[in-house]
Amino acid sequence: MFATIELRNPLVAIVLFAFFGSALPFPVWAQNAGPPESTTWNSLKGDVFEQKSIEAANGIVTIDAPKRAEDAAIVPVDLHFKTDATSGRIKAVTLIVDENPSPVAAVFKFGPDAGVTHLATRLRVNAYSYVRAIAETEDGKLHMTETYVKASGGCSAPAMKNTDEALANLGKMKLRVFPAKTTGLASMTRATEMQLMIRHPNNSGLQMDQVTRYYIPAHFIQGLTVSQGDRLIMSMEGGISISEDPNFRFEFDAKPGEDIKVEAADTEGKKFRDEWPLESSGLQESKPRI
Amino acid sequence: MSYATRRDVLKTGVLFACCGVSHARLAMAQPGHSGPLPVKQIADGVFAFAGTPAMMTDQNDGEICNVGFIIGDEAVAVIDSGGSVVEGKALIAAIRTQTDRPIRYLINTHMHPDHLFGNAAFESTGAIIVGHHNLPRALESRGSYYLQSYHDAMGSDLMADIRIVPPAKIITGEEELDLGNRKLSLKAWKPAHTDNDLSVFDQHTKTFFTGDLCFIGHLPTMDGSLLGWIALLATLSGIKAEVAVPGHGPVSSPWPQALEAESQYFDVLARDIRKAIADGVPMSDAVKSAGESERPNWKLFDEYNQRNATAAFAELEWE
Numbered sequence: 382m383f384a385t386i387e388l389r390n391p392l393v394a395i396v397l398f399a400f401f402g403s404a405l406p407f408p409v410w411a412q413n414a415g416p417p418e419s420t421t422w423n424s425l426k427g428d429v430f431e432q433k434s435i436e437a438a439n440g441i442v443t444i445d446a447p448k449r450a451e452d453a454a455i456v457p458v459d460l461h462f463k464t465d466a467t468s469g470r471i472k473a474v475t476l477i478v479d480e481n482p483s484p485v486a487a488v489f490k491f492g493p494d495a496g497v498t499h500l501a502t503r504l505r506v507n508a509y510s511y512v513r514a515i516a517e518t519e520d521g522k523l524h525m526t527e528t529y530v531k532a533s534g535g536c537s538a539p540a541m542k543n544t545d546e547a548l549a550n551l552g553k554m555k556l557r558v559f560p561a562k563t564t565g566l567a568s569m570t571r572a573t574e575m576q577l578m579i580r581h582p583n584n585s586g587l588q589m590d591q592v593t594r595y596y597i598p599a600h601f602i603q604g605l606t607v608s609q610g611d612r613l614i615m616s617m618e619g620g621i622s623i624s625e626d627p628n629f630r631f632e633f634d635a636k637p638g639e640d641i642k643v644e645a646a647d648t649e650g651k652k653f654r655d656e657w658p659l660e661s662s663g664l665q666e667s668k669p670r671i
Numbered sequence: 007m008s009y010a011t012r013r014d015v016l017k018t019g020v021l022f023a024c025c026g027v028s029h030a031r032l033a034m035a036q037p038g039h040s041g042p043l044p045v046k047q048i049a050d051g052v053f054a055f056a057g058t059p060a061m062m063t064d065q066n067d068g069e070i071c072n073v074g075f076i077i078g079d080e081a082v083a084v085i086d087s088g089g090s091v092v093e094g095k096a097l098i099a100a101i102r103t104q105t106d107r108p109i110r111y112l113i114n115t116h117m118h119p120d121h122l123f124g125n126a127a128f129e130s131t132g133a134i135i136v137g138h139h140n141l142p143r144a145l146e147s148r149g150s151y152y153l154q155s156y157h158d159a160m161g162s163d164l165m166a167d168i169r170i171v172p173p174a175k176i177i178t179g180e181e182e183l184d185l186g187n188r189k190l191s192l193k194a195w196k197p198a199h200t201d202n203d204l205s206v207f208d209q210h211t212k213t214f215f216t217g218d219l220c221f222i223g224h225l226p227t228m229d230g231s232l233l234g235w236i237a238l239l240a241t242l243s244g245i246k247a248e249v250a251v252p253g254h255g256p257v258s259s260p261w262p263q264a265l266e267a268e269s270q271y272f273d274v275l276a277r278d279i280r281k282a283i284a285d286g287v288p289m290s291d292a293v294k295s296a297g298e299s300e301r302p303n304w305k306l307f308d309e310y311n312q313r314n315a316t317a318a319f320a321e322l323e324w325e
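Chains A and B supply the protein sequences, listed in that same order.
Counting in this note's numbering, the first sequence runs from 382 upward without gaps.
Counting in this note's numbering, the second sequence runs from 7 upward without gaps.
To be clear, the hints were calculated from the coordinates, so they are not data collected in a lab.
From the three backbone atoms N, C-alpha and C, an ideal C-beta is built for every residue, glycine too.
A portion of the hints provided could be inaccurate.
BS3-like cross-link-like pairs, simulated, lysine-lysine; straight-line CA separation at most 30 Å [claimed, not checked]:
hint	chain 1	residue 1	chain 2	residue 2
1	B	LYS212	B	LYS196
2	B	LYS46	A	LYS555
3	B	LYS281	A	LYS555
Simulated coverage check for chain B against chain A, where a stretch passes if three residues somewhere in it have a Cβ under 8 Å from a Cβ of chain A [stated by the list, open to error]:
hint	region
4	99-107
5	118-126
6	145-151
7	287-298
8	306-313
Okay, chain A solo, but in the shape it has when bound (with noise of 0.2 Å):
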């Protein structure tokens, strides 16, 4: 089963990891007031994604984001996706913070019959950066949106506020079904909304131990999957941009009667998985087991 959470995809491993051998913990980059320019990207794409081509996402995929984001720590981001016959269905999607210093914050891949119309989770955002989502279609097109996030006034960081917490209860995870909103003919549909905690520091790792004087190790959640009995309702390869306990909002087409299944994997190599019975009853709790 974890088989499909590694990273599998070497330009990504190398974007994740780039940055980790340095010794500043936010390298200084630039934060211009003025009209956002898109330079780090156009560095950036092809580290990530070759020489493809990329369109602009028309629809396929929007992006939601605060214009300031208020918590550097914590930025919520939403994204929607518009799967039809003509667009055909998204397979990837990969959500990039260009100016954080491991740009490449997750990639999400969707199970064939998954279903998946809105993602939503939390970033960390280091600096002025435009945020971006890459949807992959099925006919392997690449299709861009992207939004620009200022950065926080004020003394909030990218930072942990509770560290102690986030280790005590690492891998904890609670998962939430909620309610359908709809009722009548849109009930219909088998469409349902979920919320994926998982308590983790997703450390970054450039924080220097006070004893050793040596860089305390990254420590996140690199590997996830969500499936629902055997099917795969999506999966994410994850860096540091994503938030302290990661947190995945999502909708999907469920079958009623299956168990819904987790499974994470950090980079020290604990596993986390957890199952819970499909039931629109609000949160639903477990004990981490590793």
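With chain A's structure known, arrange chain B on it following the hints.
Showing chain B alone in chain A's frame:
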């Protein structure tokens, strides 16, 4: 008070012109004050300066939080160094208008730039920097980011001298510092405003320097644990202090009444966020309205409330 006279003289520029003293603060004609920081004596041997409730900018030299000092028979302890080396130096100048005794300790109440960007000013004084046991870790993961992110608002001139100087003396639990017939009780708290909050209690006058565990006027900012902070309020209000110096707000303030405003804000914010979570409202929507009824009670509400709501949402989801 002697410093006031000297400050007035400095302001007129007469002394500056006569003596040819090269003083950057005067030369740059900062719109803020010049010369020694205008501190106020709030109790016997206890002095404090009230920062302006504003964002840190090049206009205000980062002087937005409250700082202070306590004079013992042998030595002085400083509580927070301010938001720039310029402010730190002005604080040292204010101390020197009151006493020639050595500055033995510089106590950092927590990690935020407005409280410790002035640390570098104290290097020549030989003061030992004192901090919560989590402060080194917090500065390690944020220091470079702070230096980078404040650059635009503070400007190159002000940022040039600012460095992140971590504490040399670590406080775990409670510890006393002696200034010579004057004992200070330092207490390292569990995560509340941040995960490195340290308070200072002067046993002689029962003056309580709360750091940012207490905000008045300036909206509290959430960078630790809302639940931890709410839980801590009961303990804090039980402390038998005569007066308090909050991290932000009037110097001094009555205790424990100083906690009432923030206590109400926390309750409203937690109530609104809990309701949103229960109703299944996504974070991005919930943070736009949570805490809104508290708006008239605070300065800098637009700057910080959505951020607080965001942090509170992420924390309370795990209840």
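Structure-based check of all given hints:
The hinted pair formed by LYS212 (chain B) and LYS196 (chain B) meets the criterion: a straight-line CA distance of about 22 Å does not exceed 30 Å. Proximity of LYS46 (chain B) to LYS555 (chain A) is assessed by CA-CA distance (about 52 Å); at most 30 Å being required, the pair is judged violated. Distance check on the hinted pair: LYS281 (chain B) and LYS555 (chain A) sit about 18 Å apart at the alpha-carbon level, within 30 Å; holds. Proximity of the region 99-107 of chain B to chain A, defined as three or more residues with a beta carbon under 8 Å from a beta carbon of that chain, is not established by the 0 residues found.
As drawn, the region 118-126 of chain B meets chain A at 3 residues by the rule of a beta-carbon pair under 8 Å; at three or more, the given contact holds. Here the region 145-151 of chain B counts 6 residues with a CB under 8 Å from a CB of chain A, which clears the bar of 3, and the coverage holds. Requiring three or more residues with a Cβ within less than 8 Å of a Cβ of chain A, the coverage given for the region 287-298 of chain B holds, as 4 such residues are present. Figure legend: the region 306-313 of chain B, annotated as covered by chain A; annotation consistent (4 residues with Cβ-Cβ distances under 8 Å, at least 3 required).
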